[in-house]
Structure formats: C-alpha cells, structure tokens
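S.K.: The whole structure should be built from the sequences, with the hints applied where relevant.
Protein chains in written order, with my numbering: chain X, 7 to 354; chain H, 7 to 354; chain R, 7 to 354.
Quick caveat, the hints were computed from the structure, so don't treat them as lab data.
Keep in mind that this is a model prediction, so the values were computed, not measured.
Mixed in with the good hints, there may be bad ones.
Copies of the same chain look alike in the list, so a pair counts if it works inside one copy or between any two.
[Said to hold, decoys possible] Restricting the straight-line Cα-Cα distance to at most 30 Å, the calculated cross-link-like pairs of lysine-lysine (DSS-like) are:
{"id": "1", "residue 1": "Lys236", "residue 2": "Lys251"}
{"id": "2", "residue 1": "Lys334", "residue 2": "Lys10"}
{"id": "3", "residue 1": "Lys156", "residue 2": "Lys236"}
{"id": "4", "residue 1": "Lys10", "residue 2": "Lys304"}
Below, each chain spelled out in residue letters.
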Amino acid sequence: MTGKTDTGRFFEDFRLGEVIVHATPRTVSEADAALYLALTGTRFAVNSADPFAAALGFKRAPLDDFLAFHIVFGKTVPDISLNAVANLGYAEGVFGVPLFPGDTVTARSEVVGLRENSNRQTGTLYVRSRGVNQRGESIVDYVRWVMLRKRDPAAPAPSPQVPKLSDAVAASALTLPDGIDLSSYDRALAGSPYGWDDYAPGERIDHGEGVTIEEAEHAMATRLYQNTAKVHFNRHSESQGRFGKRLVYGGHVISLARALSFNGLGNAFRIAALNGGRHVAPCFAGDTLYAWSEVLDKAALAGRRDVGALRLRTVAAKDHHCADFPDKTGDTYHAVVLDFDYWVLMPR
Amino acid sequence: MTGKTDTGRFFEDFRLGEVIVHATPRTVSEADAALYLALTGTRFAVNSADPFAAALGFKRAPLDDFLAFHIVFGKTVPDISLNAVANLGYAEGVFGVPLFPGDTVTARSEVVGLRENSNRQTGTLYVRSRGVNQRGESIVDYVRWVMLRKRDPAAPAPSPQVPKLSDAVAASALTLPDGIDLSSYDRALAGSPYGWDDYAPGERIDHGEGVTIEEAEHAMATRLYQNTAKVHFNRHSESQGRFGKRLVYGGHVISLARALSFNGLGNAFRIAALNGGRHVAPCFAGDTLYAWSEVLDKAALAGRRDVGALRLRTVAAKDHHCADFPDKTGDTYHAVVLDFDYWVLMPR
Amino acid sequence: MTGKTDTGRFFEDFRLGEVIVHATPRTVSEADAALYLALTGTRFAVNSADPFAAALGFKRAPLDDFLAFHIVFGKTVPDISLNAVANLGYAEGVFGVPLFPGDTVTARSEVVGLRENSNRQTGTLYVRSRGVNQRGESIVDYVRWVMLRKRDPAAPAPSPQVPKLSDAVAASALTLPDGIDLSSYDRALAGSPYGWDDYAPGERIDHGEGVTIEEAEHAMATRLYQNTAKVHFNRHSESQGRFGKRLVYGGHVISLARALSFNGLGNAFRIAALNGGRHVAPCFAGDTLYAWSEVLDKAALAGRRDVGALRLRTVAAKDHHCADFPDKTGDTYHAVVLDFDYWVLMPR
Numbered sequence: 007m008t009g010k011t012d013t014g015r016f017f018e019d020f021r022l023g024e025v026i027v028h029a030t031p032r033t034v035s036e037a038d039a040a041l042y043l044a045l046t047g048t049r050f051a052v053n054s055a056d057p058f059a060a061a062l063g064f065k066r067a068p069l070d071d072f073l074a075f076h077i078v079f080g081k082t083v084p085d086i087s088l089n090a091v092a093n094l095g096y097a098e099g100v101f102g103v104p105l106f107p108g109d110t111v112t113a114r115s116e117v118v119g120l121r122e123n124s125n126r127q128t129g130t131l132y133v134r135s136r137g138v139n140q141r142g143e144s145i146v147d148y149v150r151w152v153m154l155r156k157r158d159p160a161a162p163a164p165s166p167q168v169p170k171l172s173d174a175v176a177a178s179a180l181t182l183p184d185g186i187d188l189s190s191y192d193r194a195l196a197g198s199p200y201g202w203d204d205y206a207p208g209e210r211i212d213h214g215e216g217v218t219i220e221e222a223e224h225a226m227a228t229r230l231y232q233n234t235a236k237v238h239f240n241r242h243s244e245s246q247g248r249f250g251k252r253l254v255y256g257g258h259v260i261s262l263a264r265a266l267s268f269n270g271l272g273n274a275f276r277i278a279a280l281n282g283g284r285h286v287a288p289c290f291a292g293d294t295l296y297a298w299s300e301v302l303d304k305a306a307l308a309g310r311r312d313v314g315a316l317r318l319r320t321v322a323a324k325d326h327h328c329a330d331f332p333d334k335t336g337d338t339y340h341a342v343v344l345d346f347d348y349w350v351l352m353p354r
Numbered sequence: 007m008t009g010k011t012d013t014g015r016f017f018e019d020f021r022l023g024e025v026i027v028h029a030t031p032r033t034v035s036e037a038d039a040a041l042y043l044a045l046t047g048t049r050f051a052v053n054s055a056d057p058f059a060a061a062l063g064f065k066r067a068p069l070d071d072f073l074a075f076h077i078v079f080g081k082t083v084p085d086i087s088l089n090a091v092a093n094l095g096y097a098e099g100v101f102g103v104p105l106f107p108g109d110t111v112t113a114r115s116e117v118v119g120l121r122e123n124s125n126r127q128t129g130t131l132y133v134r135s136r137g138v139n140q141r142g143e144s145i146v147d148y149v150r151w152v153m154l155r156k157r158d159p160a161a162p163a164p165s166p167q168v169p170k171l172s173d174a175v176a177a178s179a180l181t182l183p184d185g186i187d188l189s190s191y192d193r194a195l196a197g198s199p200y201g202w203d204d205y206a207p208g209e210r211i212d213h214g215e216g217v218t219i220e221e222a223e224h225a226m227a228t229r230l231y232q233n234t235a236k237v238h239f240n241r242h243s244e245s246q247g248r249f250g251k252r253l254v255y256g257g258h259v260i261s262l263a264r265a266l267s268f269n270g271l272g273n274a275f276r277i278a279a280l281n282g283g284r285h286v287a288p289c290f291a292g293d294t295l296y297a298w299s300e301v302l303d304k305a306a307l308a309g310r311r312d313v314g315a316l317r318l319r320t321v322a323a324k325d326h327h328c329a330d331f332p333d334k335t336g337d338t339y340h341a342v343v344l345d346f347d348y349w350v351l352m353p354r
Numbered sequence: 007m008t009g010k011t012d013t014g015r016f017f018e019d020f021r022l023g024e025v026i027v028h029a030t031p032r033t034v035s036e037a038d039a040a041l042y043l044a045l046t047g048t049r050f051a052v053n054s055a056d057p058f059a060a061a062l063g064f065k066r067a068p069l070d071d072f073l074a075f076h077i078v079f080g081k082t083v084p085d086i087s088l089n090a091v092a093n094l095g096y097a098e099g100v101f102g103v104p105l106f107p108g109d110t111v112t113a114r115s116e117v118v119g120l121r122e123n124s125n126r127q128t129g130t131l132y133v134r135s136r137g138v139n140q141r142g143e144s145i146v147d148y149v150r151w152v153m154l155r156k157r158d159p160a161a162p163a164p165s166p167q168v169p170k171l172s173d174a175v176a177a178s179a180l181t182l183p184d185g186i187d188l189s190s191y192d193r194a195l196a197g198s199p200y201g202w203d204d205y206a207p208g209e210r211i212d213h214g215e216g217v218t219i220e221e222a223e224h225a226m227a228t229r230l231y232q233n234t235a236k237v238h239f240n241r242h243s244e245s246q247g248r249f250g251k252r253l254v255y256g257g258h259v260i261s262l263a264r265a266l267s268f269n270g271l272g273n274a275f276r277i278a279a280l281n282g283g284r285h286v287a288p289c290f291a292g293d294t295l296y297a298w299s300e301v302l303d304k305a306a307l308a309g310r311r312d313v314g315a316l317r318l319r320t321v322a323a324k325d326h327h328c329a330d331f332p333d334k335t336g337d338t339y340h341a342v343v344l345d346f347d348y349w350v351l352m353p354r
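M.R.: What follows is the structure in structure tokens.
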C-alpha cells in the first residue's frame, strides 16, 4: 500500500539509448507571454507585439525563446534531475520553430551518456532532450548533463560512455524560421539603432541596469514551467540544505540576463542556438543581477542580406554593477553567477 | 453624506430563504489557468493541454476545478463572510459542468440556516452557494457555514434553523461531464501509471514534496478570485489582529495540497464532489505545506468501465514532512492545517 | 567599442517641439487583465465580464483604464524619465477609445516645455504623450512634467518655455466611447446600488479596506508595463539611494487606490479624464494603502440621460485607516501618499 509516490530516478535507473516520454503536455497561451514579461521585464519587440512580428513574417508574436526552452526543460526535471546534485552543462542547443500561443508542447529525452564517478555515490547522466509542438516540429533540442545520486552505491556501474559534444553550434547549422524577412524591421519601434553590421567580435557591452529577485518571482516563474526541482520551492527542507535557503532556478537567471541584455542588444530578436552555459554560483532571493555581453563571433547566414548571427557570451553577476565587466581570472570568477554562450539573430 | 461604504452584512442582516445575487460577474480566460499554474504548480494533464483534454471529449482544457470553486467562493465573500469570525465548514459540494476559458461566472447564495450563539454576540449562518456559467449551468454548488458577528448583540434572534447536511455526497450522485470517454487516456503523458483499479480503501499516499507560501503569492491568488476577506491583505490591521499577521486564504491551501497530490494521484483528473473540509490551523506566509492522502472509499460509476470515483481525504501539514502521515489523536491534530474530504474521478 | 548601452536622455538632450517615438509596441491580451486583477484586486464589472460589458455596448470587456494608462506611460520611461529626479505632475489627461484584448499599443511624446532650474544641475521637462491602438486611435493623451538631471551642468539652457495647462479637463470635453448605452446597466450584478444621481459635490467616501504592497507585486506590475525606471527594481543600488530601498511605482499606487475605491464607487465604470495628481510621499513594500474620495464636481453629459460624470479627488494614505479622511493642513499632508484628481463616468 505504498509506492505510488514518485521519488525520481537515480543514476542506476538509466540505460544508454533509453527514450523517456515526459509528462505533462502543455498548451501555451498569451498568458505565458504576459507572465514571462511580468517576471522578467523583457522588451524585445518581436515577442511583444503581433503587428511587429507579422511585419517580419511571423504569423503573430512568438513566445520568448527562453520561455519555450524553460517549458521544455521543466518537463524533463521530474524524470531526469529530481535527484541531481548539480546541473553540469548544456551543449548543442538548437532552436527550431518558434512557439506560438495555442501550441502544445511535449518533450522527450534520450540517454546519450552515462559515467559513474569514482566515489560510486554518484554518476554523470547525459541526455538529449527535445521539445516539440503539436505537429511534432522541434522547438528546441539540446544536450544537458547532470550529476545524479545513486540510490544504492553498490549498484553495478554501466560501461562509461561520454558523448562527443561540440563546443559550439556551427554557424552553418543556424536557421531562420520559415518565411521570415527582416528587411522591413523597424529599429526605432524596436528600441535600438544597432544592427548586425554595427557589432564586432571582441566588443563588450555593459547592459546597465540591475534587477533584484524575489522569492515569489522565481518560484512563480519556475512553477509556470512545471519544473519540480525541490530546491526552488521548499524553505523548510532547504533551511537544512546546502545553502540554508531556496535556490533560484538557473533558467530564471538566464531569462533575467537576456532581458537585461535588451539594453545594448535590443535587436537580437531571436535565440538561434545555445552553445554552452555554466551556472557559476547559486542565486538566492534578494540578489540583484546585472549583466554584460561579449561578441564572440559573427556569421552571415547563407543567402541572406537581411539578417546575420552573433555569437554572444553573456555574463551575469550579482550585487556587482557590470560597468567593469566582472569575469574570471584563470578559473576563478568574480561576482559572476552565469557564463552563457549562445547565438542570436539580428537584422543587418 | 456617509453610508456608501459597504461594511458587510452582520448576522442579523440575513433572513432564512433569502437569495443573494453576488457581484462581480467574471469572464475567465487562459490567463486564469496560467496564473493558477504559476501560483500552485499544478500538473494535471487535463487542465494543462488542449489536445490531451480533447482526446477525452472535453472541448478544450477546462480550468482547474478548484480554480472554478475559488472564483465562485470569492464572489460570495463580500456578501456572506466579510464579518465572519470563522469559516466553520463545507458540505454537499457538487461539481457540475467544467469551466472553460471564455465562460462567464456568476454566483448566488440562499440562506439555508441561521442559529444565534448563546453569547448573543455571534451566530452561525448556513448558505447554499451556486456558481453558474453564462448558460446558467451549475459549475459548483455547495453549502458552507460561517460564524458571523452581530452588529448589535441586542438584535432579536431568528428562530434557530440548522439544515440537515450529508456527511458525504453519495457516490450515486457523482457525474461525469457530458461526452467524456476515458478509454484513450494516456497515462504516460499524464505522468502517472496508476488508475482507479490500483487504489484501495485505507491506502495512504505521501505526496512527497513541500511548497513554501509567500505573501505575494497567496495575495495574488486570492485577489485573482476577487475574494475580499480583509485578513489576507492588510498587514497594518492584522498586525493588531488575532494572529498578528496576514492569514493565507484557506482555499489557497486546498489548491496547494491538490497540486502536491499530483505525486501519487496524477490521474485524478477531475474533482467530482466536496464532502467536507476543515481548516484545522491557520497558514501564514513562510509556512511550507506538505500533504498526504488516504483513500476513504471507491465507487464505480453506473454503466462506466472507463472511469471510477475515489473518495479521498487529503491532509496538509505545515513545516512537517508527511512521510509519517501526521494526523489527529482524538480531536487533537499534529502539524495539520487542512483535513479535506472529496471525491475525484480517475481512469480505470 | 562602447556606447551601445542606453543611459537615457538628460535635460539638455531635449528640444522644444521634438517628437519621440517610443519602443516597445505591445499587443495586450486577457492575460494583462488577469494579472492586473491579481495585482490590484479590482472588481469593476465592466472590466471583469464580457457579457456585462457587451450589454452596455462594448464589444467585450475593455482592459482597465489605468492598466491602459500604465502601459502607455511605461513606454515613455526609457526615453523621458530614466534620469528623472522626480515626477512633478500630470495634466490634461483624456481617455479616448477603450483598450481591448488583441489591440496593440504604441506611444509617442512631444516636448511641450523646458525650463532649466536656477542651480543649472536640473531642469523641468514637459511632454505631451499619447498612446494609440493599431488604428491610430487615441487611448490616452496626457501631459506630464518631470525634473531631469543634466549630464553637463555647463550645457547651455534652452529659452524657458512652460506650457499653459488646464487645472482640470472641462466637463464638456468628456466623451463616452462610441455606441455605449448605460440604460440596461445592472447595479446588483455590478455590486453597488449607487448611481450618478446619488452623489453630491462635497461628499466624502471612506473606501474602507487596506491593502499591503509586496516587492514582488509592485515589481511584477511595473514590469508588466515595461516601465524601466531603475528605482523600482534594484535593491542593490537603491540601498545606496535616497530612500535606502526600492520605491513603488506611483502608478501602482493609483491602481490600488482605484481598486479600493470600488467600495463606495462601484459603478464608476470608466475613467474619463485625469485632471492632475500628486505623489505626495513615496511608497515602499510593506506599506498598507487605504483610500478615500471626495466628489469635487458633477456634470451631466450633453444629450445623455443614462450617464453622468463625477469629478473625484481620491486620496490614498499609508498605514492609516481613512475613516478620518486624512488630508492636508495648508501644504502639509498627514499620512497621505497620493492626491489624485480625475473624472469618472457613472450610470444615472
């Protein structure tokens, strides 16, 4: 008469090549956009106004790309990372079709790597996760790896298998959603005069403002994504945990950094790929996030004169204004909480 | 030049048999679903995804049944319980048609009982409240009783009238919304392998996780329901009140317990009836809720092989993990804040 | 490689007659209405229910008028008031067409006055801002003036130009949205028995309840309006600022006062004009707002027997119940945070 409580999978519960179908399907709406706006303060015009998006060829304003990512990610949590000790990394994230109000998101993950740690208490799990819409079109596809507890340290170890992962998505793999034409993009209305041609590799941009995170805000955002990771919601148990308090979902930090990046990157209307990302330090309610970005690379898109891609590294710091571009010395970061590497698309 | 301020009705303002039309009519939308999700973390697939709901015969994803209940309940507050000392109980709650985005909710209540207390300062008011959609179809119909202050202790007492209330809604009175067929219900997508046949009376299920309540969260939820009970919103006056702080709306506790119950009862896709409920102890911001459930009874539905009903008792506790099923000894509860008795429907 | 960060305009960056197109266009939805409800607790029936609004001739429930105002206002902030020392006033605010879900808001401002202060560190900027829908119809049009910092105190002063502003919008300039007929207005459903004929100039109404503001609430509201004023969001920098903490957006205070005013003014279904307003004192998270109103004037609308206008002065106070109508003695206010002068429409 027990056993109906799901306590999550442990390292030894995964098999290489296994495909896991995730609950819960979710139909998104304009309300997700509005809540995301209220929780992050994002101001990108394409996601804010239907006529602006329609003028570029979108059927209407798509939901923010990271909102789409978090909804997909959230679905994987109950199956993949409920017993995670740490989120170790992301790679090879490719954004596909935009997500529109009315679409229904489902997700599945394939186990692409397993390696037990030498202490035999934990292991690293690699999964490739994909979120699709109701037509089965890929919204986002990415690899992440997490350190998982074993239920039983004596459980036999699988033969170690670590996938080869690209350092970055190749510029040639970046795509624009079908039918998009940026030639009539209105920079005045979008709020930034700068286009792809105005950015140069090596350029650094301080995003200026800071935003303080409240418990209610990060918890609402994370619940909106139906992400069930315990550390974000339970003050009672976390008071006895590693940090003594609830932890902010790393994805909320990504979203806040992206929203801050509007100031300086206001025409980066689309996330095209996620190359990698590191949650350098935990964030807690009360922390104030600032961000700066560096242009790592630029790439034209084959056959397009209206749009190009920028590879960005966006760094978020806490309680530290980014006018001095806080960074790392060797492997030691200063004030930094997020080091994020991704491709954006921008009108030329 | 005074008198336009509504100070609420007192015990002596009610007459047996009186019908009260409540303000404010409310058209619900997908935004109510999204906010409810962000505030409670609920994960039931039927309420989350249109195609999942449509596969069962719903025209689209209905709003969560307790969201519907809270909206109806909220409308009754300005007329019924603004001067309540305590919410004493619920009974005979029957859920009718599902509530869909675009529907408009109105509510009315009939006074079905009145009994002055011996101190002559207060009395118990019993009302049967019904919320209907724009077609007049019942969304939920229930009795509740509250202890109300008298404006004037010397006001004459009505002859005492206490309605006979059932201990529980009879299984034979439970209905499924029209046109619903559970035979194609997808348990993998819904996130739980267990159906009606897998549960047995007496079975206890620990729902595992805990969720901490923030002031902004319970206040937003309660305002979303246009519930105006003063104790939830006013720190200034409540600092001088009974608890020295704002009280969490009991309905928010019900919703959080229901959301937690997904872990172990993930296929309980529909609330069919509310048999009774007791808010054993107050909840405040900062409290962490946990929950467990007991199967009180099972009932087949006449002529149906695809679906059955479970009578559940869900108990929520605060700052106390429910692995040990905190309960009562005699009449004394331990850590418990909610003891709730209701019928759910589940695929077989 | 610097210079893409927008640090906002300073006093010397404005020219008389200049027209500024504001980013970001925004398509509003039912989600804005639901969030506004959850954040303010408003209960006016016209904004809450489509059938109620439709019975009066609206195509559906319009968004709350102050929600519309805040969205327009928010757009002006990055261009107008990022470097404001103080918001000094509003005048000549006229509400035009109602804002409906699906409409897209854009805004522009014209510089209508400039006057450097004698200290040469700051100056007063006057702008007339207008928000329009996708058909170019005016949603709201108003003048506001702010004290702005100069980037360079030595920058030359423009010749002082101060616009002549009306003390109040003339009753003859008030309009009802096209096609509206209040003759079938249902006061029972709306929640108040009082119509235009029941109010008299000089009458004072205590709105009764109080509502406490949380950081997450005012920050979510202000972000929903894409208002980027730094003082509302950044605990880290504001801890070194004038008040040592984040400031609540004055517009959120207006909205809470309006929501409280339902108790006593429940049929004031439409804001017709904004005559002036003064944010007398700052509000912070933790403050509890109360409000009272005075009827300043009444005006019939030409040719209408179904509706009239009331000129109201709504005063909000903090941590002070308004049963004693806190006010000013000479220029000194007691407990007051907002003194707001506006016209509403009400059925007769």
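S.K.: Each hint: holds or not?
M.R.: The hints, checked one at a time:
1. When the C-alpha separation of Lys236 and Lys251 is checked against a cutoff of 30 Å, the pair qualifies both within a copy, at 11 Å, and between copies, at 27 Å.
2. When the C-alpha separation of Lys334 and Lys10 is checked against a cutoff of 30 Å, the pair qualifies only between copies, where the shortest distance is 23 Å, while the shortest distance within a copy is 46 Å.
3. With identical chains, the CA atoms of Lys156 and Lys236 are at most 30 Å apart within one copy only, with a shortest distance of 17 Å there and 46 Å across copies.
4. Within a single copy, Lys10 and Lys304 get their C-alpha atoms only as close as 52 Å, which misses the 30 Å cut-off; across copies the closest is 17 Å, which meets it.
Of the hints listed earlier, there is not a single one the structure fails to meet.
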